[in-house]
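Undergrad: Each residue of the sequence shown is one higher than the one before, starting from 1371 at the first, in my numbering.
Note that these hints are calculated values from the structure, not bench results. Some hints could be false.
[What the hints assert, rightly or not] Simulated pairs of lysine to any residue, SDA-like, Cα-Cα distance not exceeding 20 Å:
#1 LYS1563 x ASN1581
#2 LYS1420 x THR1410
#3 LYS1510 x THR1410
[Claimed, not checked] Derived Cβ-Cβ restraints for the label pairs, each shown as a range:
#4 SER1519 x THR1471: 43 to 51 Å
#5 THR1541 x VAL1521: 44 to 52 Å
#6 THR1607 x GLY1561: 14 to 22 Å
#7 SER1553 x ASP1463: 54 to 62 Å
#8 GLY1466 x ASP1385: 50 to 58 Å
Virtual Cβ for every residue (Gly too), placed ideally from N, Cα, C.
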Amino acid sequence: SEQTTDSLWYVTCMDIAGNVGNSFTRTFRVDGAVPSIGGTNIIYPSGQTKVKEGQDITMQVTASDTGSGVDTVTAGVSALNTLIVTATLTDGDSDGVYDVTFTLSESAADFEGDVPVLITVTDVSGRVATTNINAAIDNKAPDNPAAISVVTTPSDLDGSVDLSWASAVATGAVSYNVYRDTSPGFAISGGNKITTVTEPSVSYSNVPGINGMYYWKVTAVDDIGNEDVTGIPEGSTLVDDLAPDITNPQ
């Protein structure tokens, strides 16, 4: 039965002679109702409609049970047929809305797409209700520019360097990070990042300020910050804004 009913046990003690002793009554509940899932919601990081590896995601589930009451609410996130996250949701303010925030981890590198999330609500009697929702994961970085052009402008005599590269907007780029260092083959980091250029611009001018050999790298970044830090093309140029000095003419 799908009905939840309250019933009474009447217990009476009687001996062989027919004497009736103490009696008592106990109430028990027959729980025939499964839990109810009223709604689900996924909250992505601010300004995003998807999440990437290392970011936090919040799941909310509205659940109730008219029989024995809700016992547990869990969410299982799977990707590429592998369970990557199991989280328990809690109702901290007793309003029937269960939620949990967790950091996405162990999702496949370069994965992009919707993944199933199995919501399971179990009541105190052990009856179960489930529903499926989808979460959007994007770990795929856009393609970096195939090459960058580095041009000095000696006629300016100001040591400026002009960089340009082909657009990567077709692979999802919304901006480009520009890095500069004085060593060839350098590893990009926050310390050598000098600017971010936003699409549709694909060029940048910079004055290093000190004469010498400089090396440049440009990476493409998508709308949630995915950036491929491998296989980055490198350009170089010598910055020299000093005019030659003629001494002891003959």
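Undergrad: So which of those numbered hints doesn't the model satisfy?
TA: Result: hints 3, 5 break, sorted rising.
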